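Starting from the two chains in their separate frames, assemble the complex, guided by the hints.
Going down the list, the protein sequences come from chains P and W. In this note's numbering, each residue's number is its place in the first sequence (first place is 1) plus 7. In this note's numbering, each residue's number is its place in the second sequence (first place is 1) plus 439.
Incorrect hints may appear among the rest.
What the hints assert, rightly or not - With a Cα cut of at most 27 Å, we get these calculated DSS-like pairs of lysine-lysine:
(1) W:K509 x P:K49
(2) W:K509 x P:K85
(3) W:K465 x W:K495
(4) P:K49 x P:K85
(5) W:K508 x W:K465
(6) P:K64 x W:K509
(7) P:K85 x P:K64
(8) P:K49 x P:K64
(9) P:K49 x P:K90
(10) W:K509 x W:K465
(11) W:K495 x W:K509
(12) W:K508 x W:K495
(13) W:K508 x P:K49
(14) W:K465 x P:K49
(15) P:K64 x W:K465
Think of the hints as simulated: they come from the structure by calculation, not from any bench. Small disclaimer: the values here were computed from a predicted structure and weren't measured.
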Amino acid sequence: EPEVTQTPSHQVTQMGQEVILRCVPISNHLYFYWYRQILGQKVEFLVSFYNNEISEKSEIFDDQFSVERPDGSNFTLKIRSTKLEDSAMYFCASSGRDSQYFGPGTRLTVL
Amino acid sequence: SQQGEEDPQALSIQEGENATMNCSYKTSINNLQWYRQNSGRGLVHLILIRSNEREKHSGRLRVTLDTSKKSSSLLITASRAADTASYFCATDETSTSYGKLTFGQGTILTVHP
Numbered sequence: 008e009p010e011v012t013q014t015p016s017h018q019v020t021q022m023g024q025e026v027i028l029r030c031v032p033i034s035n036h037l038y039f040y041w042y043r044q045i046l047g048q049k050v051e052f053l054v055s056f057y058n059n060e061i062s063e064k065s066e067i068f069d070d071q072f073s074v075e076r077p078d079g080s081n082f083t084l085k086i087r088s089t090k091l092e093d094s095a096m097y098f099c100a101s102s103g104r105d106s107q108y109f110g111p112g113t114r115l116t117v118l
Numbered sequence: 440s441q442q443g444e445e446d447p448q449a450l451s452i453q454e455g456e457n458a459t460m461n462c463s464y465k466t467s468i469n470n471l472q473w474y475r476q477n478s479g480r481g482l483v484h485l486i487l488i489r490s491n492e493r494e495k496h497s498g499r500l501r502v503t504l505d506t507s508k509k510s511s512s513l514l515i516t517a518s519r520a521a522d523t524a525s526y527f528c529a530t531d532e533t534s535t536s537y538g539k540l541t542f543g544q545g546t547i548l549t550v551h552p
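Looking at chain W on its own, in the form it has when it is part of the complex (with noise of 0.2 Å):
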């Protein structure tokens, strides 16, 4: 698999529902965000955790880490139509330097109302 690769690719749900998705990396990271894209449209940054934090939230977004399996869950809880979008988790690698993110292909969130 490659760095920064989600599942499942694509997720339906009804509004009020919540949503997980998962993603999982390959190699040791100083931190992993995720970003949430609309359709043809700039990514928007939701959340970042850092290497030795295991959970963060905000707001309706709650995010793991597990860096023993490489591997972060986002869950968006009670859902709402305007929350359909991608969501990319981005990875921090250590071994580059500056902060370049690496994307996964993203998991696509449909939301029904």
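So here's chain P without its partners, still in its complex pose (with noise of 0.2 Å):
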């Protein structure tokens, strides 16, 4: 059955430093999202991707933030210069049409 997988599934790094987290949807979805979720604290919506642009991205997401579909089966979202509090699990997430899979995640910690 076709998964959502992500790369690295555990990333550490200092304050300041940038990170790319990837991630490979489902080979026929067309949509795509990033999430994360704060240890403790919900998922949060971070920004959707269709048709190589943002659709629509949540306060969060802000300049530090940026997300790119390279080629056609990677999507990565990029933290330019890390924070404390970026650290949390991030979600990769594709959808064909209604229901959206979820990859296992890449735990972020930013010493």
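Set out below in structure tokens:
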């Protein structure tokens, strides 16, 4: 059964460093998303991406964040200068029509 | 209350019993989706119910949707220890585009063997 994959599973970085989180959505899906979940809190929407552009973004998704679909398979989230409060689990999701399927997540720890 | 708020926050039952979790929301929706999350792991899609549907079944899962009350329930029948997880509802609101999901806080279900 096709699934969303994410790499790495765990990323540790120093405050101020850039990180790139990678996702491979389900191959025939057209809509892509990033969410995050701070430990003990609910899952929060960051951004949606369709037709090679951002379709919606949340207040969290400020200028420090960017997304890209560099080729036909990968979907990346870049955080330019990480802050302590960026520590969270980041989930990628994709959908064909309605149901969104999530990847296993990348746990980002900012020291 | 917030969009996609689950109730109860925690539920503890014995194996074989049924578990019912509720979700309330505030705005008009296109659909509502239920997810399971094992501790520290990813979100597993369980079931989607559209705004024009009232009930859906999938294996031991039954989901209902009452758009007039802006609420949904997830019933897990004949629970197993492996059902122990957090369960979230997530709404796809009509006011947003491209399927942005709004999650609730979740219900922590513990099934004792």
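Check your understanding: Which of the listed hints are broken here?
Key -> 2
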